[in-house]
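**Q** Going down the list, the sequences are from chains A and B. Those letters in the first sequence? Residues 578 to 743, by the numbering used here. Those letters in the second sequence? Residues 41 to 428, by the numbering used here.
Because the hints were derived from the structure by calculation, they are not lab data. Note that beta-carbon positions come from the ideal geometry of N, C-alpha and C, so glycine has one too. Any given hint could turn out to be false.
[To be verified] Selected chain B positions facing chain A (Cβ under 7 Å, derived; list incomplete):
| id | residue |
| --- | --- |
| 1 | 67 |
| 2 | 73 |
| 3 | 103 |
| 4 | 167 |
| 5 | 388 |
[Unchecked claim] Only pairs whose alpha carbons sit at most 20 Å apart, straight line, appear in this in silico SDA-like list of lysine to any residue:
| id | chain 1 | residue 1 | chain 2 | residue 2 |
| --- | --- | --- | --- | --- |
| 6 | B | 334 | A | 590 |
| 7 | B | 115 | B | 294 |
| 8 | B | 333 | A | 591 |
| 9 | A | 583 | B | 356 |
| 10 | B | 333 | A | 582 |
| 11 | B | 334 | A | 723 |
| 12 | B | 334 | A | 608 |
What follows is the residue order along each chain.
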Amino acid sequence: MKLTEKEIEIVELLEKNARLPIDTMAKMVSLSVSEVEDIIKKLEEAKVIVQYATIVDWRKVDGHEGVTAMIDVKVTPKRGVGFDEVAERIYRFPEVKSVYLMSGAYDLSVVIEGRSMSEIAHFVSEKLSTLDSVISTTTHFILKKYKHDGTVFEQGDQDRRIVVAP
Amino acid sequence: MQKTKTYISDTVSRLKPSGIRRFFDLAASMEGVISLGVGEPDFITPWSVREACILSLEQGYTSYTANAGLWELRKEISDYVARRFHVLYDPADEIIVTVGASQALDVSLRAIVNPSDEVIVVEPSFVSYAPLVSLAGGVPIPIQTSGKHQFKLQPEQIEQVVTPKTKALIICSPNNPTGAVLNAKELMQIAHIVEKHDLLVISDEIYAELCYDEQYTSFPAIDRMRERTILINGFSKGFAMTGWRLGFIAAPRDFATAMLKIHQYTMMCAPTMAQYAAIEALQNGAADVEQMKKSYRQRRNFFVQSLNEIGLSCHMPGGAFYAFPSIQSTGMTSEQFAERLLLEEKVAVVPGHVFGGSGEGYIRCSYASSLEQLQEAIRRMKRFLERL
């Protein structure tokens, strides 16, 4: 799908801040509010905009700290469906946050979020490793998130400039 | 010891302190101020540029460079000016790396001005131009542009002030504080008058990378103007490198040779680590500049439209990151308006009169601030205006 420059600008603005008010966005890209609304609707329908997400630093919420793991999975592809079938079986689990087909030493990269390490261990040993096509798994626990999807978690964003300058 | 003489020079005694200073002191003493008074990007220098500086320190590049700057940097500057602005300068003897565009201006004026030579300054202008002309021993001659022409210099205005003593004209496009951009056609008309009266031009193009609506034209790129132009540019605004203090001059050989004499006796050379950073900025910084420019343009569109909506009439500035709205409808002077806005709503703007007489009735608002800050500033300004 070919987008116009204004459409790309709107997607970029929403990607940075999905809560940007439409009237503000309209002023920023020099379009009317209804034009912007129409563009967003069109992009949503075409699934260019797939979802509006919120990045949360759960470590700050008591009782919600959670654990994230990245799992390297080696699989045997099947004739006719390649890796798609096993990928689909994996991504249907609700605790699976993302699944990527990779080049290199392993085939699928799976990101899992759970309440504890034992919950993730249970998922890997009981659900993932037991799938027919799965040859092996290597689990890496994420110890700390510094940056996620382009957002830096802890950042002093105070303005260092003097208040008035030439 | 009893002092019996006046020790401070007459020239310096006569200089007025910058009008911005008073506002800085006032605003700095207050908490919770939203500042639209800053003349610099709100972006931090791109990481790859900072990283190049760190690497240069790790490698121990901490000694002087050539007076005119690192050869490699001068070559990059020469390529950059040719690529972006279509003017050729020899890196060997037509480019000087300076301590910011400010020093470049100082060196340029001192190299060309004889006592009592007149230099035309187009107002509203950057606060340093007229004082630097005076410090060089010259006489600044103001031309006042007006909101009626979006603060663009009208060529016939030059004819009105030119005298046999007129040596040069300083132009700044995009302009600080008005954001006005002179396009190719307008520059050609100015060039015609410049040639007719045999003037030099100091073209301050520090905001050239921040030009939003049309193709930027560099003054020396106009026919026959290279030979009578001193081009000033730098890394502060486009590359978000204000604190690095790194600018450059590109000028015909005889001018550059003269300026280099002053530069070598006063500055020796620009900071070495900043020069290494600048090489990285020119080699790999274009995408960062483009991103920053896009963000400024969006904020400009938002801010200027919002100013007009709350009743502060404002032309759409073509470049830089300043809006220059009129406050004449309030009946206040720009100083009164800025002071009351700061004290009552904690929004810092700069009164237009500090940029010269024709800036009276206007305020300079920098939109190089986060969108959230700009939205809040507009809310506060609206509340302020409704109370008047």
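**Q** Does each hint fit the structure? Answer for all of them.
**A** Right, here's what the structure says about each hint:
no. : hint             : in the structure
1   : 67               : 4 Å, holds
2   : 73               : 6 Å, holds
3   : 103              : 29 Å, violated
4   : 167              : 6 Å, holds
5   : 388              : 5 Å, holds
6   : B:334 with A:590 : 11 Å, holds
7   : B:115 with B:294 : 19 Å, holds
8   : B:333 with A:591 : 18 Å, holds
9   : A:583 with B:356 : 19 Å, holds
10  : B:333 with A:582 : 15 Å, holds
11  : B:334 with A:723 : 27 Å, violated
12  : B:334 with A:608 : 16 Å, holds
Checked against the numbered hints given earlier, this structure breaks hints 3 and 11; the rest are met.
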